[in-house]
Amino acid sequence: MSIALKAEGVNKYFYTPDKFQALNNVSFEVKEGEFVSVIGKSGCGKSTMLYILSTMDTDYVGSLTLKGQHVTGCSQNELAAFRNRHLGFVFQFHYLLPDFSCLKNVMIPALRLGKLPRKEIEQNAYEKLQKLGVAEQALKPASRISGGQQQRVAIARALINEPSIIMGDEPTGNLDSRNTAVVFDIFRQLAEEYNKTIITVTHDIDFASKSDRIIEMMDGKILNQQ
Amino acid sequence: MAIGINTEIALTYMTSRRKQTIVSALGVTFGISMYIFMNSLIAGTNEWSEQVMLSSTPHIRLYNENKLCDTRMLDKYAGAGRINLISNPQLLSSGNSIANPDAIIKQLQQQPEIVAMSKQVSTSVIYANGNVQENGTVLGVNIDEQDKMFDIASTMVSGTIEELAANPNGVIIGSGLSEKLNLGKGDYMTLTTANGAQKRLEIAGVFRTTIKGVDNARSYVNIPVVQQLLHKDRSYITDIYINIKDHNKTADVSARINAHTGYTTETWQSSNEQSLAGKKIRDIIANAVVITILIVAGFGIYNILNMVIYEKIKEIAILKATGFQGKHVISIFIRQALYIGVLGALAGLLAGWAISYFVSSMYLGLGNVEYLPIAFHTRHYLQGAFFGVITAFFAGYIPAVRASKVDPVQIIRG
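Same order as they appear, the protein sequences are chains A and B.
For the first sequence, this note's numbering assigns the number 1 to the initial residue and increments by one for each residue that follows.
For the second sequence, this note's numbering assigns the number 1 to the initial residue and increments by one for each residue that follows.
Take these hints with a grain of salt, some might be off.
What the hints assert, rightly or not - Here are some of the chain A residues that sit facing chain B, going by a computed Cβ distance under 10 Å: (1) Phe28; (2) Asp99; (3) Met107.
Rather than coming from a laboratory, the hints here were simulated on the basis of the structure.
In this text the structure is predicted, and so the values were computed from the model without any measurement.
Note that CB positions come from ideal geometry on N, CA and C, so glycine has one too.
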């Protein structure tokens, strides 16, 4: 199996209020189709690491390769285009655009990519919503559906451009156990059936223990990876 | 794809905050309607005052000025090799007349810009009816030529210009003079000049220009009457009035006529300089007001977009996280500003026209102004729309750039 993500010697410092090393020489690899959970106590640097992996945070030392492409040192615009094409995000909060319908929310990244005609994008978005069981909410405004449904719409949005890597920052942190199970099953299915690479940061030990692999962090270092 | 995703997001943001959008568009509407109204009013006023000026002033006046003596004749007489100087040079009386005016008119007729010419001979006189006397100026003219320039026929309240042309001892007087001396059509009055010459003339008509200075003092007679009053011969002409096609281009035509004939030319602009200064000042006042209004409208858009961006900072972060680049974010918010600008501009054009239209039917009734003078020029509407949209663009640009610099990591992590 080929490598989806490779981090080498990543160091990250915060300078405000005081100089503080958030990540200390972090190196690891994730294979394609792997479902990885990153756990650790609050402040251990796991979210910091995820945002570096997501290419949104470029202020770090070290080297990062995603999908065989060396992304360290790329310009913000190149990285934005790369995220649009290859990465999907699910956050703790859904962060849907409340002025748009659920369907439109899912469509926006694909419309930005502009590879497919609008009709096809709409079709794809609808299929994604259907797969996640929220198709009947498609035309409702994103602010008018329940938290669990919102998170599923957010996952549909993350999937619309068929990214090979999906990152989650506590995707179930705001959900009850029933919805957590639903989200987990979706991730599991994405990894097994569609060969997507999934990296989630989580506090939920249950959730983590059911994933393929756990990376435990402490004080900016990787404590152990199974 | 019918419309781009940036456009779609911009439109959605606008329609989901309908009230804010309308308020900021109203700012532009107000600015542009004021722009149009002010410009229409100022242009109308300028055109009106120009029309008043041109109703008694020709585009170009040709006359013979007394000149300071020079050494030309002396040089000719004494020959080369000498330098002649005149200490204390004196003014030479030219007799104030134009020699051989008909030949000059014939020459000038070949100039294509000239549309009308009228010979004049004028003098100040005392009008008298019995013991009552009034000062004034009598103009000896060919009344048909004069009518072509100043449209005297339309100002006649009694009698016609043809009656003056037919009566060698006729006179047309102003309405003010007619009241002061209690004279009407068919009555007789006496004209006396400074040198004592007198003439008794029959009133062939009364005109009213509504310009007090003209109505109270001026009268028109046939040319020979004034020549007789001045004891001059039949070729004595003091001025030639010239109208040209475009009254704004007097400068080069007058220079050409001056070079051609050797006589002094005076344009209507130079004889009405204070009025033109008034026009300039009005323009400056109007522009100052309009620019202020547009700037205020611009700040309105700026403010509201800033607020929108502050409210939507999380959404902007998410858009950037899912692959929107800085330029896309700028495009979204500039579009929003431009749509607000265009919306406001369209409403502003309509409102500006409506305000101008209603004000133009406001009765004033002072002097010769019946209704407020308002000009309707397409140019003002085009300029108004252009400035409105430009203001909106710049007002949107600053917040848009700020939005494009949002760091998604900072916002999403809190």
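Review point. Given Asp99(A) as an interface hint, is the shortest Cβ-Cβ distance to chain B below 10 Å?
Key: The hint holds - Asp99(A) has a Cβ within 10 Å of chain B, the shortest such distance being about 4 Å.
Review point. Is the shortest C-beta separation between Met107(A) and chain B less than 10 Å?
Key: This interface hint holds because 8 Å falls under the 10 Å limit.
Point to revise | Satisfaction of the Phe28(A) interface hint, Cβ to chain B closer than 10 Å | key: Since the shortest Cβ distance to chain B is 20 Å, the answer is violated.
Hint 1 from the list above is the single one not met by this structure.
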